[in-house]
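Protein chains: 2
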Amino acid sequence: MNPISTEQLTAAQEWRYATKIFDPARKIPAATMAALEEALVLSPSSFGLQPYQFLIITDRAVREKLLPFTWGQKQVTDCSHYVVFTARTQLSEENIASFIKRIAEVRDIAPDSLTGYRDMMHGNLIAGPRSNVIPEWATRQAYIALGNLMTSAALLGVDACPIEGFEPEKYDEMLTLNGSGFASCVCCALGYRAAGDKYATLPKVRFPADELVHRI
Amino acid sequence: MNPISTEQLTAAQEWRYATKIFDPARKIPAATMAALEEALVLSPSSFGLQPYQFLIITDRAVREKLLPFTWGQKQVTDCSHYVVFTARTQLSEENIASFIKRIAEVRDIAPDSLTGYRDMMHGNLIAGPRSNVIPEWATRQAYIALGNLMTSAALLGVDACPIEGFEPEKYDEMLTLNGSGFASCVCCALGYRAAGDKYATLPKVRFPADELVHRI
Numbered sequence: 345m346n347p348i349s350t351e352q353l354t355a356a357q358e359w360r361y362a363t364k365i366f367d368p369a370r371k372i373p374a375a376t377m378a379a380l381e382e383a384l385v386l387s388p389s390s391f392g393l394q395p396y397q398f399l400i401i402t403d404r405a406v407r408e409k410l411l412p413f414t415w416g417q418k419q420v421t422d423c424s425h426y427v428v429f430t431a432r433t434q435l436s437e438e439n440i441a442s443f444i445k446r447i448a449e450v451r452d453i454a455p456d457s458l459t460g461y462r463d464m465m466h467g468n469l470i471a472g473p474r475s476n477v478i479p480e481w482a483t484r485q486a487y488i489a490l491g492n493l494m495t496s497a498a499l500l501g502v503d504a505c506p507i508e509g510f511e512p513e514k515y516d517e518m519l520t521l522n523g524s525g526f527a528s529c530v531c532c533a534l535g536y537r538a539a540g541d542k543y544a545t546l547p548k549v550r551f552p553a554d555e556l557v558h559r560i
Numbered sequence: 345m346n347p348i349s350t351e352q353l354t355a356a357q358e359w360r361y362a363t364k365i366f367d368p369a370r371k372i373p374a375a376t377m378a379a380l381e382e383a384l385v386l387s388p389s390s391f392g393l394q395p396y397q398f399l400i401i402t403d404r405a406v407r408e409k410l411l412p413f414t415w416g417q418k419q420v421t422d423c424s425h426y427v428v429f430t431a432r433t434q435l436s437e438e439n440i441a442s443f444i445k446r447i448a449e450v451r452d453i454a455p456d457s458l459t460g461y462r463d464m465m466h467g468n469l470i471a472g473p474r475s476n477v478i479p480e481w482a483t484r485q486a487y488i489a490l491g492n493l494m495t496s497a498a499l500l501g502v503d504a505c506p507i508e509g510f511e512p513e514k515y516d517e518m519l520t521l522n523g524s525g526f527a528s529c530v531c532c533a534l535g536y537r538a539a540g541d542k543y544a545t546l547p548k549v550r551f552p553a554d555e556l557v558h559r560i
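Protein chains in written order, with the numbering used here: chain A, 345 to 560; chain B, 345 to 560.
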């Protein structure tokens with residue numbers, strides 16, 4: 345692995361901002377979008393269980409339908425690719441079994457050799473304390489993917505706007521998620537900033553570093 | 345902004361894994377750690393409110409004390425820098441006022457010009473539906489920072505292990521967080537993989553991309 349420089353990382357983080365106005369004419373090239381999808385797929389998650397699905401919406405009509413349930417934020421329709429993060433609403437024995445099967449398949453090992461791992465997940469998520477908070481546990485994993493996606497996008501020079509201001513129940517209805525075992529939890533518009541977006545040049549506001557970071 | 349290549353991004357994501365064994369002798373250089381701290385500070389958050397604090401723990405004695413409340417995971421003591429993410433347990437009018445003051449200061453504008461923005465935050469977080477879920481809302485923002493941190497670390501060639509398996513109440517007690525308005529929500533060990541960590545070379549397990557990503 346050939347690391348990037350600290351300057352490159354910081355420059356990307358400084359360049360990034362929650363894009364208010366996207367240039368509707370600019371689309372993310374296929375190879376760039378493929379790398380961002382790969383970032384989503386390779387995102388880390390609790391036990392590796394990936395309790396989410398990502399909907400990448402380019403269909404104009406669908407986006408128009410989502411707009412009124414997104415506080416009218418035009419990023420939904422003007423961006424190049426609109427990502428809706430969905431998280432599992434429940435986790436079953438079968439979901440864990442599928443994951444064990446997948447590990448065995450990818451690593452070419454016997455599923456029986458993973459009994460300890462399966463029991464650990466079972467004890468935590470099915471029989472243990474997290475069984476009561478599965479939707480929130482899954483949503484948190486989706487937020488890791490969101491953080492990963494925004495940083496990845498910035499590094500590739502792609503603009504993004506995270507969107508929590510939307511009506512999840514309406515999204516679930518529009519995107520026929522009801523009964524699927526997944527529910528929408530957060531969104532991210534991806535594309536390129538319009539020349540006229542004044543927010544692009546405003547100084548970034550953060551509390552002083554010594555209020556946010558404490559060394560012990 | 346000078347973007348990195350899609351190959352560099354994907355290579356970093358492939359290289360990254362949840363490190364099980366850190367080399368206790370290797371420490372993250374100061375300039376690298378400064379860039380990772382900057383990534384935390386520059387992480388995006390809801391309304392820009394940054395409802396979190398990051399504790400970066402290098403003190404050996406503190407880490408030893410946290411170990412038994414972390415399922416005995418040795419990453420806590422063997423890593424170079426151990427990050428505990430804390431999230432706000434409540435959000436007050438004063439917190440919003442401090443943020444407005446900070447925006448006005450950084451952008452050199454009159455606080456009064458931000459009344460609309462303040463009212464929007466107030467309506468959502470103090471008077472509105474999110475007022476009932478502040479700890480979870482804040483935790484989700486911390487998870488964005490966690491995703492950002494893990495991707496940033498990978499790109500700099502720094503290993504990481506996210507840790508959700510810990511006892512938050514015990515951490516809060518040990519780290520004297522009770523009464524501070526912040527509570528621990530997730531952790532991340534940072535450092536360098538030990539030569540003997542067999543997980544480093546195991547094939548990464550993900551469900552097939554077409555099960556995780558849906559194009560609409």
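Since the hints were made in silico from the structure, they are not lab data. Errors might be hidden in some of the hints.
Identical copies carry no separate label here, and so any pair may be met within one copy or between two of them.
[Claimed, not checked] When the alpha-carbon atoms are kept at most 20 Å apart in a straight line, the in silico DMTMM-like pairs for lysine to aspartate or glutamate are as follows:
{"hint": "1", "residue 1": "Lys-409", "residue 2": "Glu-555"}
{"hint": "2", "residue 1": "Lys-445", "residue 2": "Asp-554"}
{"hint": "3", "residue 1": "Lys-364", "residue 2": "Glu-408"}
{"hint": "4", "residue 1": "Lys-542", "residue 2": "Asp-452"}
{"hint": "5", "residue 1": "Lys-548", "residue 2": "Asp-452"}
{"hint": "6", "residue 1": "Lys-514", "residue 2": "Asp-554"}
{"hint": "7", "residue 1": "Lys-371", "residue 2": "Glu-555"}
A quick look at each hint next to the structure:
no. : hint               : result
1   : Lys-409 to Glu-555 : neither (42 Å within a copy, 24 Å between copies)
2   : Lys-445 to Asp-554 : between (46 Å within a copy, 17 Å between copies)
3   : Lys-364 to Glu-408 : within (17 Å within a copy, 46 Å between copies)
4   : Lys-542 to Asp-452 : between (53 Å within a copy, 15 Å between copies)
5   : Lys-548 to Asp-452 : between (48 Å within a copy, 12 Å between copies)
6   : Lys-514 to Asp-554 : neither (41 Å within a copy, 25 Å between copies)
7   : Lys-371 to Glu-555 : neither (39 Å within a copy, 24 Å between copies)
Hints 1, 6 and 7 from the earlier list are contradicted by this structure; the remaining hints agree with it.
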